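**Student:** Chains as they are written, first to last, in the working numbering: chain Z, -9 to 370; chain X, 1017 to 1287.
Derived by calculation from the structure, the hints in this document are not laboratory data.
Please read these numbers as outputs of a predicted model, since none were measured by experiment.
Think of the CB as a built atom: it goes at the ideal place given N, C-alpha and C, for glycine as much as any other residue.
It is possible that some hints are incorrect.
Anything over 12 Å on all C-beta distances counts as not near chain X; from chain Z, calculated [claimed, not checked]:
(1) Y6
(2) G31
(3) I206
(4) I256
(5) L263
(6) Y298
(7) D361
So the derived label-pair ranges between C-beta atoms look like this [unchecked claim]:
(8) Z:A8 x X:E1171: 45 to 53 Å
(9) X:L1194 x Z:P328: 23 to 31 Å
(10) X:E1171 x Z:Q63: 27 to 35 Å
(11) Z:R149 x X:D1089: 55 to 63 Å
(12) X:D1234 x Z:R230: 56 to 64 Å
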Amino acid sequence: MKEKPLGTRFTQGAAYLARFVAILFVLAAAAASPQPIIVLGQRHVVETMNHKMGVHTRLTDEVEEWKIQRTLQLVREMGAQWIVEYFPWGYIEPARGEFDWQHADLVVDHAVNQGLTVIARLDFVPEWARPKDTTFRYLDEEHFGDYADFVHAFVDHFRGRVNYFIIWNEPNLSFEWGYRPVDPESYTELLKQSYLRAKQANPDCLVLAGGLAPTIAREGNEWGLSDLLFLQRMYDAGARDYFDILAIHSYGYVFPPDDPPAENKINFSRAQLIREVMVRNGDGDKKIIITEGGWNDHPRWTKAVRPYQRIIYTIQAYELAKDWDWCQALVLWSFRTPVPEKNFRDYYSLVTPGFIVKPIYLEIQDYSRGDIEWLEERPG
Amino acid sequence: MRRMADQGKLRTLSAALVIALALLTAASGIWILLTPVEPAKDKTWERIQTDGVMRIGMDASYPPFEYFDQEGDLVGFDVDLAHELGRRFGVDVEFVIISFDGLYDALRVQRVDLILSALPFDLRLTEDVAYSHPYFNAGQVLVVRDEETDLSSVEDLEARKVGVEWGSMGDVEARQLLRRMDFELFPYPTPAEALTSLNAGAVDAVIVDTVSVYQFSDANNGVKIVGPPIADDPYVIATLLSSYVLQERLNEAILDMSGSGHLDRLRLEWF
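Working from the sequences, and respecting the hints, build out all of it.
**Tutor:** Structure follows, in structure tokens:
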């Protein structure tokens, strides 16, 4: 066997040594503490021609961080500035005084990183704060202080990251009031206690009342009470001094956004009647945020419209909100759910659970980028 | 020597034990087999039989499956299906009209015996309720003209003209296909307009939900569904997990109605 020259042997030896060092380096890197797979990355800014655009995200039950990040990234890329997200009290404070902020922090940090303004909806009563055999919407006055303490803790924890807080959800529906008759005076007391505690935590925070549901139910109806009547009774009970912004829900159902409002009709422009109640009560300087709203395009639900109508109505509604100086933001229900709901609710979304953007998402995105020629280019 | 004798005794004892255990096992088996077993009860089925009424949970907001007509009568595909089930079970049917949000709760608290309401199969709920065999598939399909012979599945759409209802799930499916193949997409305001264009030759195929196709082809001949559904959306009947006899009877009835053409007749009547 012919022996290799010395130079060649040296080169080979150096190559082996280099490989050995490289392997050692890789092993050392692997042995070091694992790096997070998802990183916040650089902070973004939402680019949009309509800064009132918002969507209600549904990240409460979204487990995987990359999905949280991807969802919020898509919100920003669509051109929406605002999100409403649900932070269940029962998830965060499962035992009195014991807080688990992990998931809420994750959602808020990613939202803030995407440049989004977060509105936090706070409800869902933990078991320790309600009697057995009641629903998670049931909160008696004895425990209002517990809820207000939670609001205080939440506002304090998220100071500098979240500045808008909705006190409860749809208190004018019996279902949302623990299947009890709705009670505007009692809700006003809850609002008052929560407002005072929130301001103690952060005097600059903004407290949103309501999340009033659009309904034409009259006094005595077992399922709810008209949002107009409920709000008036809130004012009568002294609510005016205990909220900064009114949150309302504004669904269009089968009517276009400019369909005129009427007390006995539920449509998008019903928001104007709510506004009139505020003005009548000397509260016209306050803003309204529509924290839920929009249209559904289920192919057969009688309260739905065709998909092309949904696209047009949605963009027209965003435009209308721009003209309503009393409306601070329009937040659509809903952006995306973690899993398919397998019912008409899937037809409110803009992105599928599998992150496929629906055509309506793309049209809204075009609109937010200033492309408003779409109406003439599209059929219909 | 003594050690060997001890080992022999141990072996004998072990063999006796094994035989005793085998006999005991055999005796237990025979005892279990011979003991009359009280069959598990399906209280829902028993109540239906006793009262002679089957209570159907339904949200009457989904024509043509269930809705109130201009005279205020509850009508639709599912309504007729429920009556047929009642006839086969020898009982009357009572419709309990509830909004969709309350349907599953109504079943859980046994205010209704089953949900029959254009109800999509939901994998998440299969630990809580039992679903029947599907009786209808409302998913997305590929539709072509009757005389078309070259298009038999989405794989044949390359370089073709494809119509969709703008913004619909059919549109979503078509845009997904465009990621891996090339064809021209033509959005229309409604499914009927897309299908009319297909009939007129303006497009080669349409991706749309089955109900829209059936409704269109009821008034217009000349189109057909080809290939397997692009996306499934099976409609099923939900019962409590404990209603196992009712589930069995429902499944038998659905299979029979499917085989005998009864479901097709209902479809022709309502779409």
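**Student:** It remains to establish, for every hint, whether it holds in the given structure.
**Tutor:** Hint-by-hint comparison with the structure:
1. Y6: Consistent with the label, Y6 (chain Z) stays out of reach of chain X, its closest Cβ about 46 Å off (over 12 Å).
2. G31: At about 26 Å from chain X, G31 (chain Z) clears the 12 Å cut-off, so the statement holds.
3. I206: Nearest chain X Cβ is 15 Å from I206 (chain Z), so the label holds.
4. I256: holds (14 Å)
5. L263: holds (24 Å)
6. Y298: At about 5 Å from chain X, Y298 (chain Z) fails to clear the 12 Å cut-off, so the statement is violated.
7. D361: holds (16 Å)
8. Z:A8 x X:E1171: 45 to 53 Å: Between A8 (chain Z) and E1171 (chain X), where Cβ atoms are some 50 Å apart, the hint holds.
9. X:L1194 x Z:P328: 23 to 31 Å: holds (26 Å)
10. X:E1171 x Z:Q63: 27 to 35 Å: holds (33 Å)
11. Z:R149 x X:D1089: 55 to 63 Å: This hint holds: roughly 59 Å between Cβ atoms.
12. X:D1234 x Z:R230: 56 to 64 Å: holds (58 Å)
When held up to the earlier numbered hints, the structure conflicts with hint 6 and nothing else.
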